[in-house]
Every structure is written in C-alpha cells, then in structure tokens.
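There are 2 protein chains.
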Amino acid sequence: MSTRIVYCVSDHTGVTVEAVAKSVLSQFPGFECSRIVLPFVDSVEKAREAAGRIAATPGALVFSTLTDPAARAVLREAGAPLFDAFELIAPAVEAALGQPAVPGAGHTHGMAPDYEARMAAVNFSLAADDGLAPQRLAEADLILVGVSRVGKTPTALYLALHFGLAVANYPLTPDELARDALPGCLNAHLPRLRGLTLDPARLAAIRQARYPGSRYASLPQCRSELVAAEALFARHGVPVLDTTRMSVEEIAARLRQSLK
Amino acid sequence: MSTRIVYCVSDHTGVTVEAVAKSVLSQFPGFECSRIVLPFVDSVEKAREAAGRIAATPGALVFSTLTDPAARAVLREAGAPLFDAFELIAPAVEAALGQPAVPGAGHTHGMAPDYEARMAAVNFSLAADDGLAPQRLAEADLILVGVSRVGKTPTALYLALHFGLAVANYPLTPDELARDALPGCLNAHLPRLRGLTLDPARLAAIRQARYPGSRYASLPQCRSELVAAEALFARHGVPVLDTTRMSVEEIAARLRQSLK
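Quick note, the sequences are listed as chains A and B, same order.
For the first sequence, the working numbering assigns the number 46 to the initial residue and increments by one for each residue that follows.
For the second sequence, the working numbering assigns the number 46 to the initial residue and increments by one for each residue that follows.
Check the hints yourself; a few may be wrong.
One copy or two, either will do: identical chains are not told apart, so a pair holds if it fits within one copy or between any two.
[As the list claims (entries may be wrong)] DMTMM-like cross-link-like pairs, simulated, lysine to aspartate or glutamate; straight-line CA separation at most 25 Å:
| hint | residue 1 | residue 2 |
| --- | --- | --- |
| 1 | Lys67 | Asp87 |
| 2 | Lys67 | Asp174 |
| 3 | Lys91 | Glu132 |
| 4 | Lys91 | Asp225 |
| 5 | Lys67 | Asp175 |
| 6 | Lys305 | Glu161 |
| 7 | Lys67 | Asp113 |
| 8 | Lys67 | Glu132 |
| 9 | Lys91 | Asp175 |
| 10 | Lys305 | Asp220 |
| 11 | Lys91 | Glu122 |
| 12 | Lys305 | Asp159 |
Bear in mind the hints are in silico, worked out from the structure with no lab data behind them.
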C-alpha cells in the first residue's frame, strides 16, 4: 500500500486532532501515511484555503476538530474522506447530557488557569535538575533518581510542562554507587523518590552518542552502574521504572499513576 | 449545574482521551466537571476494576480509547454514558479505507522512532538556554529572543520535547536594550529568530512572583524593556509573538507554523 497524506485540521493547535488521527490509524495495519497538521483554521476563509490544499492531494484523508459547522462544510467540499471528532462524538454526548453542543463555545487550551503553576514547575525542575539545589528537595512532588543519561531530565521537564508537577532529579554517580548508599539528602524524601532504569545496551548506546569510545559509555560500565543503582532502589523500597521501551509520554503517565 | 466526574479511560497513557474529553466538553457551556484519568487499562480485569470505580460514582461520564472491544464492553457495564473515540470514529475510517480496524494493532506512543531526536533536542535546548553556548546557535532550528521572564525557556523545552526541534533561547538584557542593537551573535541567524513579547502588566506580575517589590519587576521597567525589545524586532524584521493569552501548546503551534 502506498503512503497517503493525512491532513489534521484544527481551529486551534492541532495537538488533539493529531493524537486522534495517530491513535485511530494505528489500528489499520499496513496503512502508511504521512501527517500534515494545519492548525488555527479558525475561519471559513482559512477552511477554504485548507480545502484547496486537500483537494490538490490525491488520496488524502482528513481528520479534523473544527467547532464551526460552516468551516467543516467548506472542508468537506475538498472531496476527501473527512472524520471530524466533534461531529462524530458530540451527538452521543448531547444525547447523554440532554443539552445541545454550542459550536465554538470553548477551547481546550488558551490561558488555562494552571498556566502559572506549570511555568513555576518548569522553573523548579530546572533549578533542581541533576542534583542542583538539594535544599529545595522538600518542595518537590517527585524526585527522579538514576544513573547518568537514564532520562531523568526530559521526564522531569515533561511532567512539569504538562502537569505542573515540581519534579527534581538527582544523579547516582559512580562514587555514590561505590559507597553503596543513597545520597544523604535523599533520605528524608524516600516516599517521593522514583528510580529510573534502562536496559544496559540502550544506556550504552545513548552514552556512546555523546562520548564515543569512552569507559563511561562502555557496556560493562553501564551494566555495573545500573545493577548497583537497582540494588540501592530495592534496599530502600524505591519504586523503579524500566523505561527501555517507553516514550516520555508513557514514562510520565506511569509516574503520575504512582503518585495516587 | 453541579460538578460531574468525567473518567478518561485509556489502555495507554490517557493523553489522547483526556484531550478529546476536554475538547468535546468545552462545547457544553455550563457543564462543570472534574476529570479523572485512568491510564493503562489494558486488560479485561483492569477494565472491571475501572468499571467498579465508575459504577460507584453518581452521574459519572466516561470517555475512553480502548482498543479491545471486550474491555470496552466491561466498561460499559458500569452503566455510565460511555463515549469511546475508537468506537465512534473507526467505523467511518473503515468505510473510507475499505479495510477493517484491527483492535490492539498499534499504540500511539511506545518507543517512537523520533524518541532519540526529541531527547537530543531537549539536551540542545538546555545547553543553549538563556544565551548559553552562543557558538552553537548555528545548530538551532529556532532561536527565541526576548526580555527576561517572557516565557522563552518553557517554550523552547516544549518544542524540543514534542517536536524534536532544537530551540535555543537568548535573553535581551537591559544593557543590550540600552545599546539598541541585537546581540552580535544573533546577526548571522536572523531568519531563525522569533521574538516573544507579553503584555507589560502580565510580565510585571510574573516578575513580582519572583522578586517582589524590585525595580526589575516594576511595571515601568517591564514596559520600557518590552517597548525597546519590540523596536529591535521591528527594525530587524524578526517575527514577534505576543503570548499574553496563549498556552504553551498554542505558542508552540504558532512558532511551528512560522517555520513553514
């Protein structure tokens, strides 16, 4: 099957419609596509422009989240199959609530009330990155612990950006691991510690990309650090997440779940 | 209308189903709800557990993205109105593609092939945060410029985490603004510069939270920095985004759009 173009058209950022298109299409094995996101299609004129582009693309499919039925109608004139999440889902919700949907009533994002909290969390997570500011660990919602390059920083930033969680991260250095003890400043915060671990080969590959040929990046070194870290986690009852096959979204969701 | 509980049930992270629930419900004005995400409901047993919790919640609504029809059926036994995005959207896609959906065929996330690129982008964006590493600006896909606390860092990290874009950010300090010239290292990269600006009152509020009562956080100071920065942007033809009423998702989508 040849690769088809899937347009994801939104009157806002396009984040939701792209996620829906990805999810739904992942259930069609063998269907190969390349997605093009058209965000901020928030007028009939812009819908007309998008429709022109779609009509010029042979075999295109369209996923959309357009609140304005008029814009949706214009988009449909492109002639491509169109799946609008609102059109397909809202009627069922209307029936359940006994209340009609009001197109354009709201937007998912915009200056959400949690914006400040999320930005404050990002600032905290940067300030408490990589063992900086151990005196501020008491402010953390979560403290990620693990060896170098195991994915602590991106995970902390993702949790901060998305969920407004204040997430510190603290590295387990070879010195610390040789002492076979948790860094002292972590002992007061055990319930909020989460260990991250990885498959040794994968950690080695990540380190190699940065310091090719170094001892630091060698498989035996990675393996021994990970084994020592996991032993420490087990001894202190720190929950551990093996992130080898996980996306940052999945790691974040698992960690959030562990907070409940 | 009283606040109702909306469960967002997913066999994976729950990111997509929560976004769908937010989007759809934003079209029902006056409907107040509080969302509970139940991620990783990936077996009939877990669906049964979720159904028990839902059944015990009066007036609950359920949005779901469950690929397994058996798990969906169990969830439906809770008796609450259930809107499954796959169930509602997939039939239309099946008809258009002439191919049946295969439940459980794929997941949106998992170790996506772009994972490494996104992590590399985060590392770059951290290395090139706040004017660090000016010698690496040539590697940047985008360079965000603006006064202190205008939102450069969270925006850069969001773009890196989500889209694998290498985004540097460079502050315009009062000294630089007094010289009325762009920092020299930016001149070679004009096409990739994007200015961020804010309403002065909002910037002042953000700075006040950090340095209450300071001159730095005063409204006149914020206003004069922003005016000077905007004049610089205009003189060099740097596209400017006023982020006052935007979420980080929206800022990111606008900046991405400006790259095309």
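Problem - Hint numbers contradicted by this structure - result: 2, 4, 5, 9 and 10
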